[in-house]
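Assembling the complex is the task here: the two chains are given apart, and the hints tell you how they should meet.
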Amino acid sequence: TQLLEQSPQFLSIQEGENLTVYCNSSSVFSSLQWYRQEPGEGPVLLVTVVTGGEVKKLKRLTFQFGDARKDSSLHITAAQPGDTGLYLCAGLGYNAGNMLTFGGGTRLMVKP
Amino acid sequence: EPEVTQTPSHQVTQMGQEVILRCVPISNHLYFYWYRQILGQKVEFLVSFYNNEISEKSEIFDDQFSVERPDGSNFTLKIRSTKLEDSAMYFCASRKGIRETQYFGPGTRLLVL
Numbered sequence: 355t356q357l358l359e360q361s362p363q364f365l366s367i368q369e370g371e372n373l374t375v376y377c378n379s380s381s382v383f384s385s386l387q388w389y390r391q392e393p394g395e396g397p398v399l400l401v402t403v404v405t406g407g408e409v410k411k412l413k414r415l416t417f418q419f420g421d422a423r424k425d426s427s428l429h430i431t432a433a434q435p436g437d438t439g440l441y442l443c444a445g446l447g448y449n450a451g452n453m454l455t456f457g458g459g460t461r462l463m464v465k466p
Numbered sequence: 002e003p004e005v006t007q008t009p010s011h012q013v014t015q016m017g018q019e020v021i022l023r024c025v026p027i028s029n030h031l032y033f034y035w036y037r038q039i040l041g042q043k044v045e046f047l048v049s050f051y052n053n054e055i056s057e058k059s060e061i062f063d064d065q066f067s068v069e070r071p072d073g074s075n076f077t078l079k080i081r082s083t084k085l086e087d088s089a090m091y092f093c094a095s096r097k098g099i100r101e102t103q104y105f106g107p108g109t110r111l112l113v114l
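In the order they appear, the protein sequences are chains B and G. Using the working numbering, the letters of the first sequence correspond one by one to residues 355 to 466. Using the working numbering, the letters of the second sequence correspond one by one to residues 2 to 114.
Chain G on its own, in the form it takes in the complex (with noise of 0.2 Å):
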């Protein structure tokens, strides 16, 4: 059964580095999310992205936060300049249609010193 993937598992940063988190969608999927969880907390929707765009985003996703797709397979979050409260998990999702499930990946768990 197809799944989305994330890469990597775990990634610690010094703070105010750049990272970029990975994630291959389902492939005949066109719509992507990436959400968050801070530990103990809810899952947190960030960002989503449809048609080469972003369709919406919440009030965490500014100006440190960018999302690409740079090929037809991936699709990735930047975080310019990391901050401490950036240490969370962060996922990936993708769905075929616009009501259809949303299938999350694994995560990344990203901890920033």
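Same shape as in the complex, but just chain B (with noise of 0.2 Å):
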């Protein structure tokens, strides 16, 4: 059974401040995914990370895979009020039904 051990469960921080959220497991994944998920509604995609130690950026949000595509990690740079939320990684495995195995989540409260 594929875990993914996400740290930290609940961050709450000040507007302007940055923050940087881990996503680790023991078993390696085909590709990352980043979800921000609202009360009452479905995971919505942020980024797809594929390729061990690729970076990618959304505005101030930086997504890096793990050179050995074990673990990820999300840094907001300067958060906003409007970052708040829940931060859902998701690994895509090599089984025959390709489902995403989710981490436990990241509850972010950005005060202004």
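Heads up, some of the hints might be wrong.
Once the Cα atoms are required to be at most 30 Å apart in a straight line, the calculated DSS-like pairs of lysine-lysine come out as [as the list claims (entries may be wrong)]:
1. G/Lys97 / G/Lys43
2. G/Lys79 / G/Lys97
3. B/Lys413 / B/Lys424
4. B/Lys413 / G/Lys58
5. B/Lys410 / G/Lys43
6. G/Lys84 / G/Lys58
7. G/Lys43 / G/Lys84
8. G/Lys79 / G/Lys58
9. B/Lys465 / B/Lys411
10. G/Lys58 / G/Lys43
11. G/Lys58 / G/Lys97
12. G/Lys97 / B/Lys410
13. B/Lys413 / B/Lys465
14. G/Lys58 / B/Lys424
15. B/Lys411 / G/Lys97
16. G/Lys43 / B/Lys411
17. B/Lys465 / B/Lys410
18. G/Lys43 / B/Lys413
19. G/Lys43 / G/Lys79
20. B/Lys424 / B/Lys411
21. G/Lys84 / B/Lys424
22. G/Lys43 / B/Lys465
23. G/Lys79 / B/Lys424
24. B/Lys410 / B/Lys424
Calculated from the structure, these hints are not laboratory results.
Have a look at this one:
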């Protein structure tokens, strides 16, 4: 069974601060996706990283896939209240069903 | 932009009743999934479906669950005899190709009383 451990579970910061969310596993994934989920809604895709060592930027968000494709991080620069939400990482394995294994999520609150 | 849609958005049912959750995947997608999320817990995989058959299912997906693609657009999840612990958000997802991104629907919130 593949597991993804996401940390921290909760993060409360002031507007303008930087933060990093980590997603770690002992398993290798073919790709890793980051989602944001609002209460009562489905996960909305932010980015997919595929290649080991890959870095992708989405405005103030920087996503990195580990060289061994076992871990990933999300860094937010100068966080804003609009960044408040639940961030999920999800890994795509090599199994037949190609299902996603989700981390437990990081609930971020950015205070003005 | 094409989206995965799900109906109903909310469903309340009595324990032991059958429920059918409906999904319309993105039209040119070939792989379909159901996930669930119990309140406050991780999103968990239930089942994947491709070429009109189940390709993988989790231990959660027992004999009470079934999936069907009755026509070219709908993808349904049926729970035959609901239990209290089936209360959760159920998400449908679809993807175009084998290693491409999965897109999620908005979910159906199921409450079993």
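Results of checking the hints against the structure:
no.	hint	verdict
1	G/Lys97 / G/Lys43	24 Å, holds
2	G/Lys79 / G/Lys97	24 Å, holds
3	B/Lys413 / B/Lys424	25 Å, holds
4	B/Lys413 / G/Lys58	37 Å, violated
5	B/Lys410 / G/Lys43	25 Å, holds
6	G/Lys84 / G/Lys58	19 Å, holds
7	G/Lys43 / G/Lys84	19 Å, holds
8	G/Lys79 / G/Lys58	14 Å, holds
9	B/Lys465 / B/Lys411	23 Å, holds
10	G/Lys58 / G/Lys43	17 Å, holds
11	G/Lys58 / G/Lys97	19 Å, holds
12	G/Lys97 / B/Lys410	22 Å, holds
13	B/Lys413 / B/Lys465	20 Å, holds
14	G/Lys58 / B/Lys424	23 Å, holds
15	B/Lys411 / G/Lys97	24 Å, holds
16	G/Lys43 / B/Lys411	26 Å, holds
17	B/Lys465 / B/Lys410	26 Å, holds
18	G/Lys43 / B/Lys413	27 Å, holds
19	G/Lys43 / G/Lys79	21 Å, holds
20	B/Lys424 / B/Lys411	19 Å, holds
21	G/Lys84 / B/Lys424	36 Å, violated
22	G/Lys43 / B/Lys465	25 Å, holds
23	G/Lys79 / B/Lys424	35 Å, violated
24	B/Lys410 / B/Lys424	17 Å, holds
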